[in-house]
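K.L.:
Turn these sequences into a full structure, and let the hints steer you where they fit.
Here is what each chain is made of, one letter per residue.
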Amino acid sequence: MSTLTKVLIVLLTVFSIFLCGIVVTYVANAENQKERADGLQRNIRAAQSKEEQAQKDLEDEKQRAQSEKTQLDAELNKLGMQIKSLQGELDVANRERNQLVQKVASMASTVETANAASKQQTSLFEAAQQEVQSLRTEQTNSRKDLDETNQTLLEKMTVIAQLEDQVRRLTEENQQIETQLNQYLQQYGRIAAKPPTTVATRSTTVQPVQPGVTAPAAPTRTIALNGKVTAVDLKNKLAEISIGADAGVKQDMTFHVIRGDRWVANMLILDVSPDRAVGIIDRSEQGMEPRAGDIVATNL
Amino acid sequence: MSPMPQPRGAKVSLPSNLYTAILAVAVGVVLATAAYVTVACYSCYGTIFGLP
Numbered sequence: 002m003s004t005l006t007k008v009l010i011v012l013l014t015v016f017s018i019f020l021c022g023i024v025v026t027y028v029a030n031a032e033n034q035k036e037r038a039d040g041l042q043r044n045i046r047a048a049q050s051k052e053e054q055a056q057k058d059l060e061d062e063k064q065r066a067q068s069e070k071t072q073l074d075a076e077l078n079k080l081g082m083q084i085k086s087l088q089g090e091l092d093v094a095n096r097e098r099n100q101l102v103q104k105v106a107s108m109a110s111t112v113e114t115a116n117a118a119s120k121q122q123t124s125l126f127e128a129a130q131q132e133v134q135s136l137r138t139e140q141t142n143s144r145k146d147l148d149e150t151n152q153t154l155l156e157k158m159t160v161i162a163q164l165e166d167q168v169r170r171l172t173e174e175n176q177q178i179e180t181q182l183n184q185y186l187q188q189y190g191r192i193a194a195k196p197p198t199t200v201a202t203r204s205t206t207v208q209p210v211q212p213g214v215t216a217p218a219a220p221t222r223t224i225a226l227n228g229k230v231t232a233v234d235l236k237n238k239l240a241e242i243s244i245g246a247d248a249g250v251k252q253d254m255t256f257h258v259i260r261g262d263r264w265v266a267n268m269l270i271l272d273v274s275p276d277r278a279v280g281i282i283d284r285s286e287q288g289m290e291p292r293a294g295d296i297v298a299t300n301l
Numbered sequence: 000m001s002p003m004p005q006p007r008g009a010k011v012s013l014p015s016n017l018y019t020a021i022l023a024v025a026v027g028v029v030l031a032t033a034a035y036v037t038v039a040c041y042s043c044y045g046t047i048f049g050l051p
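Chains A and B, in that order, give the protein sequences.
Okay, so the first sequence: first residue is 2 according to the numbering used here, each after it adds one.
Okay, so the second sequence: first residue is 0 according to the numbering used here, each after it adds one.
Everything labelled a hint here was simulated from the structure, so no lab data went into it.
A hint or two may mislead.
[As the list claims (entries may be wrong)] Computed, partial: chain A to chain B, Cβ under 8 angstroms: (1) LEU12; (2) LEU13; (3) VAL28; (4) LYS35.
Cβ atoms here follow ideal geometry from the backbone N, Cα and C, with glycine treated the same way.
P.N.:
Put into structure tokens, the structure is as follows:
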């Protein structure tokens, strides 16, 4: 074997070992292309499915956006109409506001005038109240005087009535005595010189003056007026009659209220109108009160 | 040891199997490498030649 053959054998062996090592190293470190391809395929499928889903979502979103757009357009139109109507109402409200402002201004002036008038009325009212107070004081004093006078008058009336009864009884006794005397004289053929005495009639009773009535009563005995009671206010002791100034009724006249053939009460006229009059009930029969339909007359 | 008789006067050298052993090692290394590549290709791709 020649030296060259030996050298070639050694070189071939060395290079073959070197190349085999390189090949083994490359194969051991090479990437697994199948797994990579599988992974890429899975990624592609996932991406495709995602694309389909995204496409579907896009279509859905488009439809939803379209419907929302239609709805928003309708709402926009409605809001536009509403804005127009509100603008009209705003114009009307502005006009009303202007009118109200003018009214407020005029009312403010009116209120100022009214306030001034109210102050004036208040001062007048206070003055009148003071006057009323003084008049009430005077009235109270007058009432006291009147009560005292009435009391005295009633006492005197009682005395007069007792005296009248006594006079009547004495007159009756006198009449009986004269009658007996006449009988005796007729028995003896003589005639009595004096005419028989008549019994004294009851004089008109004196009425006590009612408190608050200061004017003297008008003469009613000479006038014969008849009417009816139309309304009665027993709480205030007031009554209304169906005749008035046209029939001759005057203030402070006294009317008698009659029911059937019984006297019910007396009434003093306070206010007279042409066709009716109102009076206060100053005396009434015990247990009887005037009522509508009773007859009123100036003379019994 | 050679069957053929050596002529007289020629340089005599001892026969040696050293280079045969070196060649056997080289062949073994190449075969082992081929086997490893084959196994690796089959395990990765399921086939030895061609594309899966």
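K.L.:
All the hints need checking, so say for each whether the structure fits it.
P.N.:
Here's how the hints hold up against the structure:
no.	hint	in the structure
1	LEU12	violated, 10 angstroms
2	LEU13	holds, 6 angstroms
3	VAL28	holds, 5 angstroms
4	LYS35	holds, 5 angstroms
Checked against the numbered hints given earlier, this structure breaks only hint 1.
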